[in-house]
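Q: Our numbering puts the first residue of the sequence shown at 977, with every later residue one more than the last.
Mixed in with the good hints there might be a few duds.
What the hints assert, rightly or not - Here are the simulated DSS-like pairs of lysine-lysine, each with C-alpha atoms no more than 25 Å apart in a straight line:
no., residue 1, residue 2
1, K1276, K1516
2, K1453, K1581
3, K1059, K1042
4, K1392, K1452
Said to hold, decoys possible - Distance ranges between label pairs, derived from CB positions:
no., residue 1, residue 2, range
5, Q1193, R1491, 38 to 46 Å
6, Q1193, G1028, 33 to 41 Å
7, D1577, N1255, 53 to 61 Å
8, D1577, K1052, 16 to 24 Å
I should point out that these hints are in silico values taken from the structure, not numbers from a laboratory.
Predicted, not measured: the structure shown is a model, and the values here were computed from it.
We treat Cβ as the ideally placed atom computed from N, Cα and C, and that holds for glycine.
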Amino acid sequence: MIEGYVIPVVAVVDGVCSSWGLELALSCHILCASEVARFRVPEVHFGVVPCGGGTLRLCRRVGLVKALGVLCSGAKFSCKQAKQIGLCDTVVSHSTIPNMLEEAKKAVLEMIRERVIGSDRQTSPHVELDMAMKYAGLVRSVRQFTRIGSVLTNRALFAWTEHKIRDTYPRDVTTVYHPLRAVQLAVRYQHNRTAYLEKEKAFYKKCATSAEGQCAQHVMWAASGPLRDYLKEFSMTTTLPPPHLCFSQNAPHIQMIAVIGAGTMGTSIAMMLLYHFRNKRIVLVEMDDARKQSALYDLKRFLEFSIAEGRITRWMKEDYLSRLQLIGSPAEPLPPVLAQCDLVIECAPEVAELKKNIFSHLDKLCKRSCIFATGSSTRRVEEIERATQRPDLVIGLHFYPPANQSPIVEVSCGPKTGRAVVHTVVELMLGCGKHTVLSYDRAGYTGARILQSGLYQAYALLEDGCLPYQVDRALKKIFRFKHGVFELEDIIGVDAAAMARRNRSEGPSSSLPPRAVYDIADRLVQKGTLGRKTGEGWYKYRYDRVTPNSRSRSAFGTTNKVDNRARYALLSTREMVPEVSRDVEILTMRVSKEKHIMRRDVDNKEIIERILLAMINEAAIMLSEGYVKHASDIDCISVFAHGFPMTKGGLLHYADHHWGPKELVRLMRVYHRSLTSHTFPAPCNVLLSMVEQHLTFEEKFPPL
């Protein structure tokens, strides 16, 4: 209907425009966007394709090559990028809605004058109306009769795209091919709109009802739970929704954010805040001068890599560094500038007394409205609340490394945390593009405890007869995890994992078996091979990035002079490629010999089942203890934090649909009897009660 109007219809976009909103905008004759507008076609993440003729309109507007890039990636892109590819016709400044509409009207009239009569001079209103009608007719004819590409080039493009997808994704994953099939349908039926819409509708239904599509939809629906809850709460107190989707106005009352600690996690959090909030100042506090210089070097190097890849520009790098303030010294560990901060995020080592001491001093220094966020992964938020005079403004924030790339954050609410503080932090994290999981104040975060249970079985498998790469290969190649457990521990830090284990063992109770399996990991910590941040852990790491041409000559002369023990940046997991470490393999076999353990062959089925069953058992215990309310929260954490394949729906969704509670308990009892309680845990009471009541995780702990 819109495409057939005689007078041109203009779509003015502000904020994020995606899915059906973008399909509606594409049907208009002219698309105008504000400076803060973002575009996205996220259907590939849901296992479906655009419907209502959206794919055909996108191909006609931007061409096949760019349309395939937009549909296959599902990533956000800015208004400037949209204008470069031809999706957006004109860009106006972001302002109030009436002013923006008026500016859009002027910009559209200027564009029509220039395209119809070749000049931007002023004309009378009736002439402008006539030009507008001519332009609408021109757009209609172009979209209806213009051929999309040619037969030869289209076949070559489709073959090349399918080859790239096949090289990038596993063969058994079919959802990634859906955008390509949708574009092929658009090309085949481009001149028969009725037939195309019928074929597109049938293909959409096929995608939406497929097993992989339903798993992906389950995960994405679970991930949007806090956002739905936030909007529901906000709609009760105001007439219009907040501008939470507008990147320049997230939590406007928070103008200055401080990050305490310039280690691996603190540096990546600072980078994340700099990138997503263009109007906020970031203060990175570190008292050690060497670590401070190392953090600044890591930030600059990551920004240079981003420029070389074309993700940011030179002036954006200068803007980031100008808004970053790196302060602190041994004489003044907490400088007076922190009194101006609206939010303080603590990333100090996992030492309880150190954290309490930091927050007690911050409580005296910072203004009364400042929010305190602790990044502790093993301590309760209540302990920090007792160290301050503002318990209602204390909250837990657990980022998964690297914080600037990991798509999830866990928000832990203390017993006295105010609801307004939770909403502010959730809004801020949504502005960072994070999926937010709300958990309750318990010892240790949800994702950390579940991973520890899986790692326990992985350590035991090493002593029994496996090598690190065998365990990770089974999880990645057979089950399709994004990262193996040892590769994930290298990203987190072998020392950080060891400290978390120690703090958990000091707690009131532990669900882990009594067997001591940490000898190999502890010796890695003693050697100083702590993971990616030192360039060596369970694996050795090398850079896998093309050197920019402007620096190739200098790099050639300095490559062999780099110290192998230098601290590596962990701002990007794409920078380094793991290689098998023979030293770790020798250490593994030596520990088995010292413990008089006869090593045996372990097949991939046992590796996968032991790790997954232990993680499912731990997740069931945590649900019963009230860490999180919904089983879908565990699915969200397992996919976005641990790398569980999205096409399987998450840890507990997979347990429900692949095994079921009865089969889960049977398998756990088999391993419990064969390996004894010394190595493998018995099924927890929650699983036993689910079998008696004939309930699944989704039924016992329903989603939001």
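Q: Please go over all the hints and tell whether each is borne out by the structure.
A: Against the structure, the hints:
| no. | hint | result |
| --- | --- | --- |
| 1 | K1276 with K1516 | holds (24 Å) |
| 2 | K1453 with K1581 | holds (12 Å) |
| 3 | K1059 with K1042 | holds (12 Å) |
| 4 | K1392 with K1452 | violated (42 Å) |
| 5 | Q1193 with R1491: 38 to 46 Å | holds (40 Å) |
| 6 | Q1193 with G1028: 33 to 41 Å | violated (18 Å) |
| 7 | D1577 with N1255: 53 to 61 Å | holds (59 Å) |
| 8 | D1577 with K1052: 16 to 24 Å | violated (47 Å) |
In terms of the numbered hints stated before, the structure departs from hints 4, 6 and 8, listed from lowest to highest.
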